[in-house]
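**Student:** Assemble the whole structure, with the sequences as input and the hints as a guide.
Chains as they are written, first to last, in this note's numbering: chain A, 1 to 432; chain B, 1001 to 1281; chain C, 2001 to 2310.
Quick caveat, the hints were computed from the structure, so don't treat them as lab data. Some clues are possibly wrong.
[As the list claims (entries may be wrong)] DEER-style ranges, computed between Cβ atoms: (1) A:A164 to C:V2159: 25 to 31 Å; (2) C:Q2116 to B:V1048: 39 to 45 Å; (3) A:G167 to B:V1023: 45 to 51 Å.
Cβ coordinates follow ideal geometry from the N, Cα and C atoms, glycine included.
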Amino acid sequence: MTERAFGHPTTRRRFLSLAAAGTAAAMTRPQPAGAAEKTITILHESSFIKPFDEYVANTLAPAYEKETGIKVSYEVTSVGSLPTRISTIAETGSGADITMNGLLQVIQFSNKYLDVGDIADDVGKAQGGWYEAGREAVVVDGKWKAIPFSNIGQLMNWRTDWFAEVGVKKFPETWEELYEIGKRLKANDHPFGFELGHGFGDNHGWLYPLLWSYGGAEVAADGKTVVIDSDETARAVDFCRKFFKDTMLDDVLGWTDVSNNKAWMAEQISCTNNAESILWFAKREFPEIGKVTDQAMNPAGPKGRFHLLNSISHSIFSFSPAKEEARAFMRWLMDPKQLGGWYAIADSYYQPLLHGYDNAPMWNVEPRNLPYRDALANAHLPGWPAPASQQLAESVAKYVVIDMFAKACAGASTKDVIKDAAAQLKGIYRSA
Amino acid sequence: MVTGHGRVQQVVRVWLPIGFFLVVALFPFYWMAITSIKPNSELYNKNVMPLIVHAPTLKHYVDLLTKSSFLLWTWNTMLVAVVATAISLVLGTMLAYPLARMRFAGASLIAMTIAAIYLVPQPLLFIPLADVINHLHLGNTLTSVILTYPTMLVPFCAWLLLGYFKTVPKELEEAARIDGASRLQTMWKIFLPLCTPGFISAGIFAFTLSQNEFLYALIFLTKSSVRTVPVGVIAELIRGDVFYWGQLMAGALLGSIPVALIYSFFVEHYVAGLTAGSVKA
Amino acid sequence: MTIASERLSVLVHPTRRRASLSVLLDRQSVFSWLMMALPLAFLAALVGYPFFYGILLSLEDRPVAHAGTFVGLKNFVTNAYDPVFWRVAFNTFVYTGVATLLKMVGGLGLALAMNQHFRMKNLVRALLLLPFIVPTVLSTVAWLWMLDPAFSVVNRLLVALGWPKPGPSWLGDPTLAMVSIIIINTWRGLPFYGITLLAGLQTVPSELYEAASMDGAGGWERFRFITLPLLRPIILIVTLFSVIFTFADFQLVYVLTHGGPANATQLFATYAFDIAMGGGQLGLGASVALAMLPALALLIVALTIYLRRE
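**Tutor:** Here it is as structure tokens:
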């Protein structure tokens, strides 16, 4: 088992004093950041890779304090709690100065974030330029509301040994080819397992790319016109239905994000869409499985190859009392000396969005992670080609695209599921 | 009461149905226990009979206690439950006593209002309540849940206590009134000390509901140090999309034990409270 | 009584001449209202105010971290045209209806079985209540694992009996997913029903049964004409609670399926949560949550009428 983000020693005395202090502190409002010395508080979501968080707390923060005398406080919230925490801070106007953003937060809280275009420009110029995906993730209404940090890619994971049994040595290029292989593997009792349920990452990771690769989209680039009702979408839906029926476990309709990890370790499936966590976990806990696990880019459809943009970025709250200090800190943080070290420590789990890192040594540590870098070229936010907006967040929260595919797989007609999705989207984009 | 004669009759009438209910009720706990002592290799192995353990290990428990804040969450949960219960008992008594003993204009209106509050379950309130908590700057403090839990506990306590209060004979209070005691003195010195069983029943019920609460805790408590067991276990025994199943099950089991223990001492009162409330209401 | 009065006199110190304030405070109405002031204020502040604020929110377009703009009934119109909203309503009613029925019947069965003399009755009663008192999210996590076809004991049994591998998909098939949450909710709530009904059964005087037997009434007649009518008030109260809890259920679905597959298990509470917390639309989320109110009121009125009539 791997380490936790918060280790609390359990010697009884230590625990009791901790509990007492914690109770006292927990009953009252948290104290405002240090009155005497300046403190910058950074909010981050707990990282999958523990050393990543530790690097900030133990290496970066002390280094900055030494250089500038400003204390850096690194607050970590558990996975899934970041949106709630940012909500509270944004609504009350206090609690942190800099925050990490996941997929949707830049959009939802853009009006509480500072315009950091100047910092982004300088960083981009100095380090090889930003990937288009980076820009797509953080530009709202023409302004850079965050500095892109990385992508957390969702890619194909596949069992090399079982694929070899049916004569396949290289991961297929197209969805149709993958489908044919899947049929054979299912007959061999090694079915595929792609999430079609109400999780957050492993469903979006392949369903949006599937839609785009057939030429479908939710909304046009104008951000207003609902265009999901199209032949291209119908083709994608039909493919998905046969893909589910002929290659997958029935259970996937109800899967959430943890299910495919579980199924992989239980050796139930031969192919799925996931972030780096399967390989990472397998290497540590089930090395035999880890040896035969490989990763590949999403297959291409008739209209191209696509990936989901699952971006991480950093923003500065516009109401922060330490705005200038926060800006200075961000510049310092995004300097190659700090940034490079921070990326490197996380086993390429965070794929940099600056071209300057395309050939960084960190990619050589685990060559199987290279497809994550290559996927950046065609990674997009859900809702693409429409620009980032509140409506996008609502569509994701309501699982519009996911359910469209899932209902079709469960037996509904293509016409009906598209009709429903269009009705939902029209409602969602009511105020666009 | 129905008694069966003969061993066979006994078995059929009593132990067959009871046994069935027991197996159904307890099976998931057996599963929790078994899973929590299975090493990962067995845990994920789909070919092995899941109901038995071949190589039991305490690793998950050790990891749970040393690498997560489980003990802290347990402390938080108990603290919140105790304080919220205390508040609810006090407020519940203040509502129930006048309704049980006094006649005054508006009594039935108040009774109906309290009943109507049941119609306002948490999921209806959580969005505006989150706003309120934010504006009071109580986010991520235990105070937020200590203040909000009684909103669901007070109506219950009031109802249970009301039912119980009605069963207490009025003679002692009447005697005290004749002797010149004020209503407050009568209530405080004469009546309430007689109601300990009622308080225990309502208290147990409130305590149980309180440590079962999840929605408000999920929304108000995002920092690990202030979390309660339900939120902590669900939110933190995962990393990315990897569930630490062994630890989860260990946490689930350990999280159930304090309540079950407290409960087992007071189950008589719990049941008595339910009866008093429902039969006499 | 004299000794008691003496003791009471010692405990109580009546003043010789009552100030008019104390007389005032002792009037039933004044005392009652003063006593209830604090709890009523508490409830008004933390239930009443959010309730009306929630209504206001539902009439606003209120994205998180933005100010709200009044839009009248627009959110409700959006919901009316949202196919998922109607699915959610359907799910919640089916879930509540079936689970409550199962709990009522099962609870009655449990109560009747427990209403006999046998050893270790108290231990059994305590054990039977475990599903109800243990935090729901914790036991649901266990169910998550138990319902995985590869690990489920039931699936293994069915496959052994000839069912095609790997057996039914409890959380993947939309219908079975609803069945699953109903089963877990019933598992959790049946003990509450059963033990409460048991307590009610135990208040039925045995003379009534004896008299009926002597009149020639069989077991079923005794049950139908004595037990059931006397249990009616308890059944009503417990059912009322159960319906409210189940209708507003959040934890079970959140942990088990998060509303999937394809909204087959999405309930009002989880849908409102997704819209508000995930989508950042607080006004729309509030409108979905509010939709529970008329439905709940309807259910309760219907229930009360049905169970009250003779």
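**Student:** Next step is simple, just say for each hint if it's right about the structure.
**Tutor:** Hint check:
Checked against the hint of 25 to 31 Å, the pair A:A164 and C:V2159 passes, with Cβ atoms roughly 28 Å apart. C:Q2116 and B:V1048 have their C-beta atoms about 40 Å apart, which keeps the hinted 39 to 45 Å range intact. The given range of 45 to 51 Å is respected by A:G167 and B:V1023, whose C-beta atoms sit roughly 49 Å from each other.
Every hint, counting from the list given before, is met by this structure.
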